[in-house]
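Undergrad: Based on the sequences and whatever the hints tell you, model everything.
Just so you know, we're using the UniProt record's numbering here: the sequence shown kicks off at 1 and counts up by one.
Simulated from the structure, these hints should not be mistaken for laboratory data. This one's a predicted model, so the numbers in the text were calculated from it and none came from an experiment. Heads up, a few of these hints could be off.
Stated by the list, open to error - Subject to a maximum C-alpha distance of 30 Å in a straight line, what follows is the list of computed DSS-like cross-link-like pairs (lysine-lysine):
| no. | residue 1 | residue 2 |
| --- | --- | --- |
| 1 | Lys195 | Lys112 |
| 2 | Lys252 | Lys195 |
| 3 | Lys112 | Lys201 |
| 4 | Lys195 | Lys113 |
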Amino acid sequence: MDISLPSGLRVSMSASGMRVRLPSGIRVDMTSSGMRVSSGLADEDELPEDADSPDENDSPDEEHSSSRENTPDEEDWPGEGDWLDDYDLRPSEQTPNYGERGVGPLPGLPLKKAAVFDVPGDAPPNDLFAHEVMVPSFFTFGPHYRFVSRTNDREILIYVSGFCLDAKDAEEVTAGFAWVGKPDTDEFSSSGNCKQRLELKGPSRETHQPTTQRAEIRAALGALQFRAWAGEGWHSIVIATDSEGLHSGITKDIEYWAANAWQTEDGQAVQDRDL
1 MDISLPSGLR VSMSASGMRV RLPSGIRVDM TSSGMRVSSG LADEDELPED
51 ADSPDENDSP DEEHSSSREN TPDEEDWPGE GDWLDDYDLR PSEQTPNYGE
101 RGVGPLPGLP LKKAAVFDVP GDAPPNDLFA HEVMVPSFFT FGPHYRFVSR
151 TNDREILIYV SGFCLDAKDA EEVTAGFAWV GKPDTDEFSS SGNCKQRLEL
201 KGPSRETHQP TTQRAEIRAA LGALQFRAWA GEGWHSIVIA TDSEGLHSGI
251 TKDIEYWAAN AWQTEDGQAV QDRDL
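TA: In structure tokens, the structure reads:
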């Protein structure tokens with residue numbers, strides 16, 4: 001079944017899944033295996049009906065892949081080995097995989113530092129972002145609650161945090177991370193919060209000593225990859241953190257490190273480069 005809207009949006013549905021074509025040419029394919037976002041083909045409208053919906057065995061376009069949308073909220077946490085699968089679209093775990101290639105920028109895109117979010121005075125977050133806001137979404141069922149900017153309705157806030165206890169004992173160390181991307185509400189809403197033990201192995205499959213800084217970086221990465229935020233209509237994500245290392249690393253230092261062979265100013269290797 002095909003549905004065409006006056007806005008240029010076209011939706012094709014079949015037993016194997018659903019395809020959404022945006023006016024810009026971007027194509028979103030959704031099946032039981034997950035979701036992928038790719039550039040549309042020039043002659044895709046001429047494809048046969050059975051090709052309108054993606055096959056579950058299709059491999060995602062490498063440069064436009066996005067994580068699965070329907071992720072459970074704070075339940076059934078995966079084992080550590082589950083995080084070492086390739087970063088592709090399949091029935092996924094609680095948070096997106098690290099992936100064999102790591103979590104760097106898309107191929108061909110320059111590495112850029114994040115912008116600093118200027119807070120006027122000592123204004124608390126709820127003065128800048130509205131709580132209990134219902135946000136409709138085309139791709140998911142039910143209402144959504146986000147922390148939406150009071151001055152930019154395409155910007156949301158996500159709180160992130162990480163910690164590490166007993167860091168001197170590698171066998172007894174306890175480290176974890178979490179993020180909060182939706183207000184507390186009793187209403188039915190999509191997932192947006194997560195808590196997770198820090199993995200010992202990173203995207204390079206090497207074992208790393210857990211640290212608070214590593215947990216904080218992992219929290220920010222998990223929050224950004226948790227959902228295809230652009231699919232909900234958001235243009236920018238503000239990360240709220242009390243970590244000076246995370247803040248300075250992503251807003252100031254990362255471009256220098258990349259240009260300096262991932263070494264600090266005193267010639268030391270950058271810690272947690274794999275993240």
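Undergrad: Given the hinted pair Lys112 and Lys201, is their alpha-carbon gap at most 30 Å?
TA: holds (25 Å)
Undergrad: Mind checking the alpha carbons of Lys252 and Lys195 for me, to see if they're no more than 30 Å apart?
TA: Holds: Lys252 and Lys195 sit about 27 Å apart, inside 30 Å.
Undergrad: Would you mind confirming whether the straight-line C-alpha gap from Lys195 to Lys112 stays at or under 30 Å?
TA: Judged against 30 Å, a Cα distance of about 28 Å means the pair holds.
Undergrad: Straight-line Cα separation of Lys195 and Lys113 no greater than 30 Å?
TA: holds (26 Å)
Of the numbered hints listed earlier, not one is contradicted by the structure.
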